[in-house]
Amino acid sequence: MNHRVTHQKAWWMVLPVVALVAFNAVIPLMTVVNYSFQETFGDNVFFWEGTRWYLQILQSDRFHAALYRQLIFTGIVLAVEIPLGIAIALCMPRKGIGVSVCLVLMALPLLIPWNVVGAMWNIFALPDIGLLGRGINALGIDYNFTRQPLSAWFTVILMDIWHWTSLVVLLCYAGLCAIPNAYYQAGKIDGAGNWQIFRHIQLPKLKRVLTIAILLRFMDSFMIYTEPFVLTGGGPGNATTFLSIDLVKIALGQFDLGPAAAMSLIYFIIILLLCWVFHTLMMRGEERS
Amino acid sequence: MSRIKYLAPALYILFLLLPIYWLVNMSFKTTNEILGSFSLWPAEFTLDNYRTIFTDPTWYNGYINSLSYVLLNTVISVSFALPAAYAFSRYRFLGDKHLFFWLLTNRMAPPAVFALPFFQLYSSIGLFDTPVAVALAHCLFNIPLAVWILEGFMAGVPRELDETAFIDGYSFPKFFVRIFIPTITAGIGVAAFFCFMFSWVELLLAKTLTSVAAKPIAATMTRTASTSGYELGLLAAAGALTIIPGAIVIWFVRHHIARGFALGRV
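Those protein sequences? They're chains A and B, same order as listed.
Take the first sequence: its letter number 278 is residue 278 in the numbering used here, and every next letter is one higher.
Count along the second sequence starting at 1, add 1000, and that's the number in the numbering used here.
So here's chain A without its partners, still in its complex pose (with noise of 0.2 Å):
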């Protein structure tokens, strides 16, 4: 075929994605860094500001506490997820009705909206109503999430733990299946055992998903809004205000435009910078090996 005319045509069969995402992406960014420039009293009257947002942004201890919050979150909750997620695709079966009953019962909290996700676990979780709440403290633990930061940030971790596990869960079973027989067998006259058969063959051709798994993962903890905002709104105190929902609290309920911009450039820039290393660190080893 002609290369030229390929070229063309690749270029058209692009572009409507283009032309929509850009609509729904790069006006709406321009917006943004437009009032992290400016200040405005209102009446589409604006005053250039410069970098003084960013500045303001970047030394204020609120936002240092939120991306700490948001930091420690992500971590713990990456740190529970992803060996979870590996344990139990790794015990799943492989075949016969079991196969379809657990993977449909493990998407179903993926398939909930998420502030359905945060009433649920109030209902569940409050201690005088909720079959967590009431099962905790009859075992003796004191336990208020709506009073508690303690047991705000369990009840919110162990949410996210609920809603997402079977993400990870789903895509290491995708991983395992597409390993060959033979592989197994190679193994087993080698005489490796189980560890050895995980390290050494199943772990190296989970690489893949795993880096999807962790891009997601990372990705939408580092979001997170809805479902903390229902179930705690934040608190107690500002316990569980993690980024998105301080931003939220800025730009909506503030109406600090100037400040909210520059936050969010700032916020997405943190999410590109780190989804980027994770990207190198695990395309590299993949290189290497």
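Simulated from the structure, these hints should not be mistaken for laboratory data.
Watch out, some of these pointers could steer you wrong.
[Unchecked claim] Derived lysine to any residue pairs resembling SDA-like cross-links, with alpha carbons at most 20 Å apart:
hint, chain 1, residue 1, chain 2, residue 2
1, A, Lys9, B, Glu1163
2, A, Lys207, A, Lys95
3, B, Lys1097, A, Ile82
4, A, Lys95, B, Phe1252
5, B, Lys1097, A, Ala192
6, A, Lys207, A, Leu274
7, B, Lys1215, B, Leu1067
8, B, Lys1207, A, Ala25
9, B, Lys1005, A, Ile82
10, A, Lys9, B, Ile1167
11, A, Lys9, B, Phe1093
12, B, Lys1005, A, Ala192
13, A, Lys9, B, Lys1207
14, A, Lys9, B, Phe1172
15, A, Lys9, B, Leu1161
Start from chain A and add chain B according to the hints.
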């Protein structure tokens, strides 16, 4: 050995089902019973909560609104993504890698960042408070995802299929619709599933872009919770009903869900 092995998935599923059970349990109780006593199953079993939802238009319109923008978004995302994914899987063209990466970065943009600009953008073009606005806004993260998944599936189809069809005298559009699309129906199913899923569960943008006429069910729930006091039973029933569309969709694609992401390239 194998019996013990299945204990882990079984316990995990039990953990997944407990909060769902509690929600369903609440939905069959009266408000008095919820606040007055603690029981593992409803003592005075009632269907009143569900009856309210199915007879009150502010409630059931919420479901209709949600389903209409979700379906619209799924159709737009998949049909726009199909030719683009084909281009990415078959051709090299100027800037293809950068374009692919740029598309994916939109999956990384926090919806909270875009809430306010989206409100202004869709108000200024007169689409505010319509299902179309939400459907288009959700394309921000669903189109990149659909392109990503479909590209993975298409890369698995050998090029010889295209070449043979062209030699047999098929024009490109005819080949694409008659031959290529039927070969990747599994991929289309998976992409549609994930578009449905992420549009159905998202609330921040859907809530920002609607006020009365197109209000999604999830937003109806939050407003009811704050205005009419503490009607937990009603809230639980509405929540339990939102699980059903997802469950139906999962059942149809259960053989393909796991493959969806596994085939995509990073």
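Against the structure, the hints come out as follows:
no.	hint	verdict
1	Lys9(A) - Glu1163(B)	holds (16 Å)
2	Lys207(A) - Lys95(A)	violated (23 Å)
3	Lys1097(B) - Ile82(A)	violated (29 Å)
4	Lys95(A) - Phe1252(B)	holds (18 Å)
5	Lys1097(B) - Ala192(A)	violated (41 Å)
6	Lys207(A) - Leu274(A)	holds (18 Å)
7	Lys1215(B) - Leu1067(B)	holds (11 Å)
8	Lys1207(B) - Ala25(A)	holds (18 Å)
9	Lys1005(B) - Ile82(A)	holds (19 Å)
10	Lys9(A) - Ile1167(B)	holds (18 Å)
11	Lys9(A) - Phe1093(B)	holds (9 Å)
12	Lys1005(B) - Ala192(A)	holds (19 Å)
13	Lys9(A) - Lys1207(B)	violated (39 Å)
14	Lys9(A) - Phe1172(B)	holds (10 Å)
15	Lys9(A) - Leu1161(B)	holds (19 Å)
In this structure, the earlier hints numbered 2, 3, 5, 13 are contradicted, and the remaining ones agree with it.
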